[in-house]
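Protein chains: 2
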Amino acid sequence: MYEGIVQDLIDELGRLPGVGPKSAQRIAFHLLQADPADVRRLADVLMEVKDKVKFCSICFNVSQSEQCRICQDPRRDPSVLCVVEEYKDVVAIERTREFRGRYHVLGGAISPIDGIGPEQLHIRELMVRLADGAVTEVILATDPNLEGEATATYLTRMLKPLGLRVTRLASGLPVGGDLEYADEVTLGRAFAGRRSADD
Amino acid sequence: MYEGIVQDLIDELGRLPGVGPKSAQRIAFHLLQADPADVRRLADVLMEVKDKVKFCSICFNVSQSEQCRICQDPRRDPSVLCVVEEYKDVVAIERTREFRGRYHVLGGAISPIDGIGPEQLHIRELMVRLADGAVTEVILATDPNLEGEATATYLTRMLKPLGLRVTRLASGLPVGGDLEYADEVTLGRAFAGRRSADD
Chain A
1 MYEGIVQDLI DELGRLPGVG PKSAQRIAFH LLQADPADVR RLADVLMEVK
51 DKVKFCSICF NVSQSEQCRI CQDPRRDPSV LCVVEEYKDV VAIERTREFR
101 GRYHVLGGAI SPIDGIGPEQ LHIRELMVRL ADGAVTEVIL ATDPNLEGEA
151 TATYLTRMLK PLGLRVTRLA SGLPVGGDLE YADEVTLGRA FAGRRSADD
Chain B
1 MYEGIVQDLI DELGRLPGVG PKSAQRIAFH LLQADPADVR RLADVLMEVK
51 DKVKFCSICF NVSQSEQCRI CQDPRRDPSV LCVVEEYKDV VAIERTREFR
101 GRYHVLGGAI SPIDGIGPEQ LHIRELMVRL ADGAVTEVIL ATDPNLEGEA
151 TATYLTRMLK PLGLRVTRLA SGLPVGGDLE YADEVTLGRA FAGRRSADD
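Protein chains in written order, with the UniProt record's numbering: chain A, 1 to 199; chain B, 1 to 199.
I should point out that these hints are in silico values taken from the structure, not numbers from a laboratory.
A few of these clues could be false.
Note: identical chains are not told apart, hence a pair may lie in one copy or across any two.
To be verified - Simulated crosslink set (SDA-like; lysine to any residue; CA at most 25 Å straight-line):
hint	residue 1	residue 2
1	Lys52	Ser23
2	Lys54	Val80
3	Lys50	Ala24
4	Lys160	Ala182
5	Lys54	Met127
6	Lys54	Pro118
7	Lys50	Asp11
8	Lys52	Leu32
9	Lys54	Leu32
10	Lys160	Gly176
11	Lys52	Arg95
12	Lys22	Ala131
13	Lys50	Asp8
14	Lys54	Asp8
All chains should be modelled from the sequences, with the hints used to inform the complete structure.
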């Protein structure tokens, strides 16, 4: 319906997650009228990202070199390993400045509906990393949803025989939230995980 | 917070209309994990669109040559000109197959809030096109909203002295819609514009 190349652009944009046909059209028309330099910058960064961004050969974190900055940093505690689903989880945890260990990025979570089983995740590489005994605690920081819980349960079963300390992030009320708005599962977990008020 | 180039990509994506920071992040992570060929295709089409897509020198429609297909088509009636805001309006009208005349794309609508006055639109070029008297009817097909109405009112004032027939698209109930869900302005227009049931 549109001039060939414009339709191609709409089609390509429509393949992005969360971009429906209407949004794709809106973005395409915006780009048609945009400054060519702006569009070129977007195109360049797209090419660059695939050329430059690699995954760390140790932890599968996003990296611009063979090993990511965290794996290369000698100040990071090699005895504590935090297992996360995605790169964005690493960024979220780094933002807290609470964690000084290292990471292992699974590349997703177990989700039979999406055809993702343990063999699609970097679990084998995790087991290899743990083989030398340098890691003494593994923190399972998967998402607090169905897939994340399933993944954590699976990993717990795999890791327990290694004699490591295996921990999960605490569940409970979000800081700054209102108790009355917490869903019942979260509130239930907050009760179950209650601590002495002296802490 | 993210590796430089990943953050650059998120920033560039976040500049697109309707793409907030969260969506930009989601799209960026999708692209990081996507097949490099897919990302390259998107980048290529972005570059191509700016290289190849021009605007018709006569009607300002999107075109891959100096003049658009419609302006070049000798079967299109040169005596009827449909004035629209954007290229996408041309496509929408072409889809109806009801209109066999030619177009004039204004490039937007008068909107003082956005700093768009008549001089930012292709109105001067419209007046030049009408000067030779070949066009006998101008259909004002601007959007049925505040800016579109303002633009149509302005154009009507400009065009009336030329002795042309100046028409507007009919307002009324959308076909296939429910009367009870029509807003009061639309329903009011539908009453005002009622026709003999014999038509």
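Now for the hints, and whether the structure bears them out:
no.: 1; hint: Lys52 / Ser23; in the structure: between (29 Å within a copy, 22 Å between copies)
no.: 2; hint: Lys54 / Val80; in the structure: within (24 Å within a copy, 58 Å between copies)
no.: 3; hint: Lys50 / Ala24; in the structure: both (22 Å within a copy, 16 Å between copies)
no.: 4; hint: Lys160 / Ala182; in the structure: neither (32 Å within a copy, 63 Å between copies)
no.: 5; hint: Lys54 / Met127; in the structure: within (22 Å within a copy, 56 Å between copies)
no.: 6; hint: Lys54 / Pro118; in the structure: within (22 Å within a copy, 50 Å between copies)
no.: 7; hint: Lys50 / Asp11; in the structure: both (20 Å within a copy, 16 Å between copies)
no.: 8; hint: Lys52 / Leu32; in the structure: between (28 Å within a copy, 10 Å between copies)
no.: 9; hint: Lys54 / Leu32; in the structure: between (32 Å within a copy, 9 Å between copies)
no.: 10; hint: Lys160 / Gly176; in the structure: neither (35 Å within a copy, 63 Å between copies)
no.: 11; hint: Lys52 / Arg95; in the structure: within (23 Å within a copy, 43 Å between copies)
no.: 12; hint: Lys22 / Ala131; in the structure: neither (51 Å within a copy, 38 Å between copies)
no.: 13; hint: Lys50 / Asp8; in the structure: both (21 Å within a copy, 13 Å between copies)
no.: 14; hint: Lys54 / Asp8; in the structure: between (28 Å within a copy, 16 Å between copies)
Hint compliance for this structure: hints 4, 10 and 12 are broken, all remaining hints hold.
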